[in-house]
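Visitor: Quick mapping for you: the protein sequence lines, in order, are chains A and B.
Okay, so the first sequence: first residue is 539 according to my numbering, each after it adds one.
Okay, so the second sequence: first residue is 7 according to my numbering, each after it adds one.
Hints in this document: simulated from the structure, not taken from any laboratory.
Keep in mind that the hints are not guaranteed to be accurate.
[Said to hold, decoys possible] The following residues of chain A were derived to be distant from chain B, with all beta-carbon distances above 10 Å:
no., residue
1, S575
2, K584
3, I590
4, N603
5, N607
6, E618
7, V633
8, N634
9, I643
10, S664
11, K679
12, F690
[What the hints assert, rightly or not] Straight-line C-alpha distance at most 30 Å; calculated DSSO-like pairs for lysine-lysine:
no., chain 1, residue 1, chain 2, residue 2
13, A, K614, A, K560
14, A, K641, B, K29
15, B, K154, A, K662
16, A, K645, B, K154
17, A, K569, B, K154
18, A, K641, B, K68
19, A, K662, B, K9
20, A, K645, B, K48
21, A, K650, B, K48
22, A, K662, A, K650
23, B, K154, A, K639
Where is the CB? At the ideal position from N, CA and C, for every residue including glycine.
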Amino acid sequence: MKRIFNLIVVLIFLLAAFFYLKDFFMSEEGKVKRVISKGERAIEKKDIVGSISFISPEYLDSLGNDRRNLIFLAEKLFQEYQDIFIHIESLSVEVNQELAKVKFIAKVMVSKQGKTKEDLSIEKGSERFLVTFRKEAGKWKVFRAEIPEYRFD
Amino acid sequence: MSKTLFRLIVRVAFILIAAFLIKNFFIHPFLTFDSGMAPSLKENRIYFINKLIYRLRSPDRKEIIFFRTTEDPPLFFIGRIVGLPGETFKIKKGRVFINGDPLKEDYTQLNLNWNLKERQIERKCFYVLGDSRQMDLANHLHAQVAGKNILGKVMGRR
């Protein structure tokens with residue numbers, strides 16, 4: 539019995555060590571991708587605190603928004619739409635010391651409930667994003683974001 | 007390995023290779039994500055793109071095309087060619103003018119608020135508009151598209 543108990547303790551210790559140490563072995567690209575994935579899930583859950591936790595206090599985007607504006611916009615978005623679904627594709631991450639340049643396409647589907655149960659409107663869209671992450675206190679945070687103009691020439 | 011199993015593997019491999027070649031070089035399915043081409047194309051429908059046709063001839067006016075943005079990763083769109091290379095293009099009170107002459111467009115309803123200054127379409131480029139014109143011109147995708155970014159023609163639609 540004691541042997542089994544010891545074995546379980548060792549297994550729990552190894553498991554905890556694995557979860558604690560996996561960050562040390564994960565590449566910086568992997569860490570950035572994990573932040574994106576967590577951010578995506580936080581937005582889908584309409585978790586404002588979780589969504590904003592990945593944003594740098596010095597955040598700025600090409601539309602002129604800073605972090606405060608972004609919080610306001612996120613609150614508005616979460617109130618307006620019932621369900622939010624995000625699919626990220628063509629993700630590429632390029633890490634250069636404390637900065638990471640990320641390119642991806644986000645396909646977004648949102649639903650809005652009308653007055654009746656049947657009155658449900660769905661909006662969809664896809665957009666290309668150029669996002670710069672910056673390492674702040676050991677964590678990757680969204681520092682700059684840009685939605686580039688379409689070019690067809 | 008039995009002969010039957012070998013035949014099955016060969017058949018499955020043949021089907022997969024044929025599907026890969028057809029999708030990449032001949033016919034490509036595309037799901038319309040928005041209503042930018044309504045009423046000609048419906049939202050949330052799968053249409054098929056003929057990827058071979060523009061290898062054999064040049065795109066023509068009024069054809070519904072499938073095209074991409076230049077950057078990587080690209081975004082994909084569907085639109086209708088209204089202007090050809092070298093022509094002049096303008097919109098006045100919703101009506102499209104090509105080389106100063108009005109273009110007959112029976113596939114759409116004109117938006118009288120649309121106005122766009124005359125511009126020359128560059129060599130090897132085409133001017134593309136969507137058929138749905140209820141929104142403001144600023145919110146409507148209209149662009150000069152290089153021939154190299156045109157990937158094919160929507161099949162079965164005029």
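Visitor: Checked against the structure, which of the hints given earlier come out wrong?
Guide: Of the numbered hints, 9, 10, 12, 13, 17, 18, 19 do not hold.
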